[in-house]
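K.L.:
Read off the chains here:
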Amino acid sequence: GENVEQHPSTLSVQEGDSAVIKCTYSDSASNYFPWYKQELGKGPQLIIDIRSNVGEKKDQRIAVTLNKTAKHFSLHITETQPEDSAVYFCAASTLNYGGSQGNLIFGKGTKLSVKP
Amino acid sequence: DVKVTQSSRYLVKRTGEKVFLECVQDMDHENMFWYRQDPGLGLRLIYFSYDVKMKEKGDIPEGYSVSREKKERFSLILESASTNQTSMYLCASNTGQFSGNTIYFGEGSWLTVV
Numbered sequence: 025g026e027n028v029e030q031h032p033s034t035l036s037v038q039e040g041d042s043a044v045i046k047c048t049y050s051d052s053a054s055n056y057f058p059w060y061k062q063e064l065g066k067g068p069q070l071i072i073d074i075r076s077n078v079g080e081k082k083d084q085r086i087a088v089t090l091n092k093t094a095k096h097f098s099l100h101i102t103e104t105q106p107e108d109s110a111v112y113f114c115a116a117s118t119l120n121y122g123g124s125q126g127n128l129i130f131g132k133g134t135k136l137s138v139k140p
Numbered sequence: 010d011v012k013v014t015q016s017s018r019y020l021v022k023r024t025g026e027k028v029f030l031e032c033v034q035d036m037d038h039e040n041m042f043w044y045r046q047d048p049g050l051g052l053r054l055i056y057f058s059y060d061v062k063m064k065e066k067g068d069i070p071e072g073y074s075v076s077r078e079k080k081e082r083f084s085l086i087l088e089s090a091s092t093n094q095t096s097m098y099l100c101a102s103n104t105g106q107f108s109g110n111t112i113y114f115g116e117g118s119w120l121t122v123v
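Residue numbers (my numbering), protein chains in the order written: chain V, 25 to 140; chain S, 10 to 123.
These aren't lab readings, by the way, just hints derived from the structure by calculation.
Just to be clear, a hint being listed does not mean it is correct.
What the hints assert, rightly or not - Under the rule of at most 25 angstroms between Cα atoms (straight-line distance), these lysine to any residue pairs were calculated in the SDA-like manner:
id, chain 1, residue 1, chain 2, residue 2
1, V, 132, S, 80
2, S, 22, S, 92
3, S, 12, V, 108
4, V, 66, V, 95
5, S, 64, S, 18
6, V, 66, S, 15
7, V, 66, S, 92
8, V, 61, S, 68
9, V, 61, S, 31
10, S, 12, V, 83
11, V, 135, S, 95
12, V, 61, S, 15
13, S, 80, V, 67
14, V, 95, V, 29
15, V, 135, S, 54
16, V, 139, S, 49
17, S, 22, S, 38
18, V, 66, S, 22
Remember, predicted model here, so these are calculated numbers, not experimental data.
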């Protein structure tokens, strides 16, 4: 089955710097890669996702890149702010249109701390 | 906004007790999930359900069961709680048209078994 590795487990940056979190996956059939942000005391919330027909996707200060050949994808946060401090999870699954469901397999999470 | 509500945020139970964790979603989603979250282990899928009265085992179903009698409600049951089930439990849901639709999580239930 699918296995998702996420690095680093903790990341500390200064406010205004960029942060990069990387994930690798094992199942070449995976074609959907979401990223979730979990703030303290809350459930994870989707912040961005990418599908395998796209190499990069941006939404304001966050971007995700995907390299299907190497089977890795990354989350990039630019101009970090203290409110970006949270745990971030990557995940992978298969998209089966009109067919069976592919369950999300999550990475172990990255605790990002942004220091003012 | 989609809302996934977990009725109990913090519970303390004794070893051997039967524990019910309740989850309700208000978006008419077909799929519902129970995850367990532990430090350093990420989110692990316990059980999921694609439809009423239907359930499938996830990665770590041992010691747990589930019930889905109504579309909006998905319950996680610990038949005989043990200390190694002390954890944070997350309920989630999404539409079942095809996988890859956003999964919406509840706020979590912190369970301590003493």
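K.L.:
Confirm or reject each hint.
P.N.:
Status of each hint after checking the structure:
Proposed proximity of residue 132 (chain V) and residue 80 (chain S) is contradicted: the alpha carbons are some 30 angstroms apart, above 25 angstroms. Proposed proximity of residue 22 (chain S) and residue 92 (chain S) is supported: the alpha carbons are some 9 angstroms apart, at most 25 angstroms. A threshold of 25 angstroms between alpha carbons decides the hint, and for residue 12 (chain S) with residue 108 (chain V) the separation of about 23 angstroms falls inside it, so the pair holds. Using a Cα cut-off of 25 angstroms, the hinted pair residue 66 (chain V) and residue 95 (chain V) is violated, with the two alpha carbons roughly 30 angstroms apart.
About 24 angstroms separates the Cα atoms of residue 64 (chain S) and residue 18 (chain S), which keeps this hinted pair within 25 angstroms; it holds. For the given pair, residue 66 (chain V) sits about 11 angstroms from residue 15 (chain S) by alpha-carbon distance, which is consistent with the 25 angstroms threshold. A threshold of 25 angstroms between alpha carbons decides the hint, and for residue 66 (chain V) with residue 92 (chain S) the separation of about 23 angstroms falls inside it, so the pair holds. Using a Cα cut-off of 25 angstroms, the hinted pair residue 61 (chain V) and residue 68 (chain S) holds, with the two alpha carbons roughly 22 angstroms apart.
Restraint check for residue 61 (chain V) and residue 31 (chain S): the C-alpha separation of about 23 angstroms stays at or below 25 angstroms, so the hint holds. Distance hint between residue 12 (chain S) and residue 83 (chain V) is fulfilled; the C-alpha atoms sit about 24 angstroms from each other, no more than 25 angstroms. Note on residue 135 (chain V) and residue 95 (chain S): the hinted pairing holds, with a Cα-Cα distance of about 21 angstroms set against a maximum of 25 angstroms. For the suggested pair residue 61 (chain V) and residue 15 (chain S), the alpha carbons sit about 19 angstroms apart, so the restraint of at most 25 angstroms is met.
For a cut-off of 25 angstroms, the pair hint linking residue 80 (chain S) to residue 67 (chain V) stands: about 21 angstroms separates their Cα positions. Between the alpha carbons of residue 95 (chain V) and residue 29 (chain V) the distance comes to roughly 11 angstroms, so the proposed pair stays at or under 25 angstroms and holds. As the CA atoms of residue 135 (chain V) and residue 54 (chain S) are separated by approximately 21 angstroms, the hinted pair is consistent with the 25 angstroms bound. A C-alpha spacing of about 22 angstroms is found between residue 139 (chain V) and residue 49 (chain S), which places the hinted pair at or below 25 angstroms, so the restraint holds.
Only pairs whose Cα atoms come within 25 angstroms are accepted, and residue 22 (chain S) paired with residue 38 (chain S) is rejected, the gap being roughly 30 angstroms. A threshold of 25 angstroms between alpha carbons decides the hint, and for residue 66 (chain V) with residue 22 (chain S) the separation of about 22 angstroms falls inside it, so the pair holds.
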